[in-house]
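Asks: Take a look at the letters that make up each chain.
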Amino acid sequence: MFYLISALLQIIDREAVEEVRSNREIPEIKPGYDIQLKVEVPENKRRISTIKGTVIAKRNAGLQSTFRIRRHEAGVCIESLFPLYSPNIKEMKVLGKRRVRKAKLYYLRDRMNALKKQ
Amino acid sequence: MQSFGAAASVSRSLMRRVAQVFCTDPRSSPHSSSSLYFVAQLRKLCAMPENDDAVGNRIIEAKPRIMNPSSKRTGVIAVKCGMTGVWDEWGARIPITILWLDDNIVCQVKTPEKEGFCALQVGCGQKKEKHLTVPEVGHFRAQGVPMKRKLREFPVTEDALLPLGTSIGARHFLPGQYVDVTGITKGKGFQGVMKRWNFKGGKASHGASKSHRSMGSTGQRDAPGKVFKGKKMPGHMGVEQRTVKNVWVYKIDPARNLLWVKGQIPGATGNFVFIKDSVFKKPDISQLPFPTHFAPEDEDPAELEPLVAILSDTDPFMAAE
Numbered sequence: 001m002f003y004l005i006s007a008l009l010q011i012i013d014r015e016a017v018e019e020v021r022s023n024r025e026i027p028e029i030k031p032g033y034d035i036q037l038k039v040e041v042p043e044n045k046r047r048i049s050t051i052k053g054t055v056i057a058k059r060n061a062g063l064q065s066t067f068r069i070r071r072h073e074a075g076v077c078i079e080s081l082f083p084l085y086s087p088n089i090k091e092m093k094v095l096g097k098r099r100v101r102k103a104k105l106y107y108l109r110d111r112m113n114a115l116k117k118q
Numbered sequence: 001m002q003s004f005g006a007a008a009s010v011s012r013s014l015m016r017r018v019a020q021v022f023c024t025d026p027r028s029s030p031h032s033s034s035s036l037y038f039v040a041q042l043r044k045l046c047a048m049p050e051n052d053d054a055v056g057n058r059i060i061e062a063k064p065r066i067m068n069p070s071s072k073r074t075g076v077i078a079v080k081c082g083m084t085g086v087w088d089e090w091g092a093r094i095p096i097t098i099l100w101l102d103d104n105i106v107c108q109v110k111t112p113e114k115e116g117f118c119a120l121q122v123g124c125g126q127k128k129e130k131h132l133t134v135p136e137v138g139h140f141r142a143q144g145v146p147m148k149r150k151l152r153e154f155p156v157t158e159d160a161l162l163p164l165g166t167s168i169g170a171r172h173f174l175p176g177q178y179v180d181v182t183g184i185t186k187g188k189g190f191q192g193v194m195k196r197w198n199f200k201g202g203k204a205s206h207g208a209s210k211s212h213r214s215m216g217s218t219g220q221r222d223a224p225g226k227v228f229k230g231k232k233m234p235g236h237m238g239v240e241q242r243t244v245k246n247v248w249v250y251k252i253d254p255a256r257n258l259l260w261v262k263g264q265i266p267g268a269t270g271n272f273v274f275i276k277d278s279v280f281k282k283p284d285i286s287q288l289p290f291p292t293h294f295a296p297e298d299e300d301p302a303e304l305e306p307l308v309a310i311l312s313d314t315d316p317f318m319a320a321e
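Those sequence lines, one after another, are chains A and B. Under our numbering, the residues of the first sequence are numbered 1 to 118, in order. Under our numbering, the residues of the second sequence are numbered 1 to 321, in order.
Extracted from the complex, chain A is given alone in its bound form (with noise of 0.2 Å):
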């Protein structure tokens, strides 16, 4: 019976990637993507802004698939981390691309310049 309810998950996992996909277009998302977001912060009270970025992290997990960008703000180097289907990211666009060789460019966190030459 273990393998009907792991299915099952699966499933409904699959369903629900598929309902929101449907709905909204999410583009293919890569570690080194430039994109830029708009998302919506409803503790912000709502406002929509606009976050510009690189993806450093994808991590893939049917509906919970989440995605960790980091940009260069005001100085200060911010990385934020976000759910993939979420509803709050209202638009999603790829600038550009860049060739990584690695998922996780987690080293870019110990490189402040290579950021900048890259």
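Keep in mind that the hints were calculated from the coordinates and are not lab data. Just so you know, even glycine gets a beta-carbon here, dropped at the ideal spot from N, CA and C. It is possible that part of the hints are untrue.
[Said to hold, decoys possible] Below 20 Å or equal to it, Euclidean Cα-Cα: the simulated SDA-like pairs (lysine to any residue) are:
(1) B:K128 <-> B:K150
(2) B:K282 <-> B:N246
(3) A:K45 <-> B:M318
(4) B:K251 <-> A:V20
(5) B:K150 <-> A:K45
[Said to hold, decoys possible] Now the stretches of chain A that chain B is said to cover, found in silico as 3 or more residues with beta-carbon under 8 Å:
(6) 36 to 43
(7) 52 to 58
(8) 100 to 112
Given the coordinates of chain A, assemble chain B onto it according to the supplied hints.
Replies: Okay, now just chain B, sitting in the frame of chain A:
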């Protein structure tokens, strides 16, 4: 309408026929004592009330009834399938546990006439006859009900009794209602006092010698001179029955008989849990299907849409300001 006493009346008529065959007239014929004794026993067994409307033949109809504030519906047995998360329409995150009502059928009806109280025994799942003990197989055969994996009795009020063999689905509940979920918790093994009883432990440094996670003192001195019973000590933790109360039902999937419920539930994935209407946050009586939801005959269960709880009209984030 399910004839409740069908099994009992069959055996009674059979006994009467056997008695007729064996017993000519005990007064006249010179039978041996053993056959007379046998006949007397048969007579005793057949000396039940002749009319079928008496003992045990209460007619329970599968019809929707009106619920009183004092009436109590059955619970249900479900399998814990796993956890996910959803975003509700306001963009808030809800942790969800998915519970599967696997083929719940009423396996036995307990009435005041026979047992002295009102209860329904519900069975969940399927099981092969070769995997069940002979008494269990006999129980299912006597009731005339398919073999179930898990049985559980739920006390109900008299107006909430269901006929034998009624199937209970996910539509027994309403999205948005509160339920109490009981389950056997996950096993944690032999655990220390800090995990098991939330003790504070000892100092991490400042010279504490080998007592960082220990119990400390266990009592006084020679008065009383003993350790009291029930003293919290390390031991086996987990695998206990616990009830989580006021669990909010977010979504009901009648096609697959799933309940999507907010938060955590005791037990591991694959284990059985028992769901009842909440005792403290009572659901709306006028809207609950009572005694249970009877599906109309022309309805195809595979085509039913999931029902989602209606959330508040006002934005909860804006309302805070």
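Asks: Each hint needs a verdict: does it hold in this structure or not?
Replies: Against the structure, the hints:
Simply put, K128 (chain B) and K150 (chain B) have alpha-carbon atoms about 12 Å apart, close enough for the 20 Å limit, and the pair holds. About 9 Å separates the Cα atoms of K282 (chain B) and N246 (chain B), which keeps this hinted pair within 20 Å; it holds. For the proposed pair K45 (chain A) and M318 (chain B), the alpha carbon gap of about 6 Å is at most 20 Å, so the pair holds. Note on K251 (chain B) and V20 (chain A): the hinted pairing holds, with a Cα-Cα distance of about 17 Å set against a maximum of 20 Å.
Simply put, K150 (chain B) and K45 (chain A) have alpha-carbon atoms about 50 Å apart, too far for the 20 Å limit, and the pair is violated. Beta-carbon proximity to chain B at under 8 Å applies to 3 residues in the region 36 to 43 of chain A; the threshold of 3 is reached and the given coverage holds. A stretch counts as covered by a chain when three or more of its residues have a beta carbon under 8 Å from one of that chain; for the region 52 to 58 of chain A and chain B the count is 0, and the coverage is violated. Coverage of the region 100 to 112 of chain A by chain B is violated in this model, with 0 residues showing a Cβ closer than 8 Å to a Cβ of that chain against a need of three.
Taken one by one, the earlier hints fail for this structure at numbers 5, 7 and 8, listed in ascending order.
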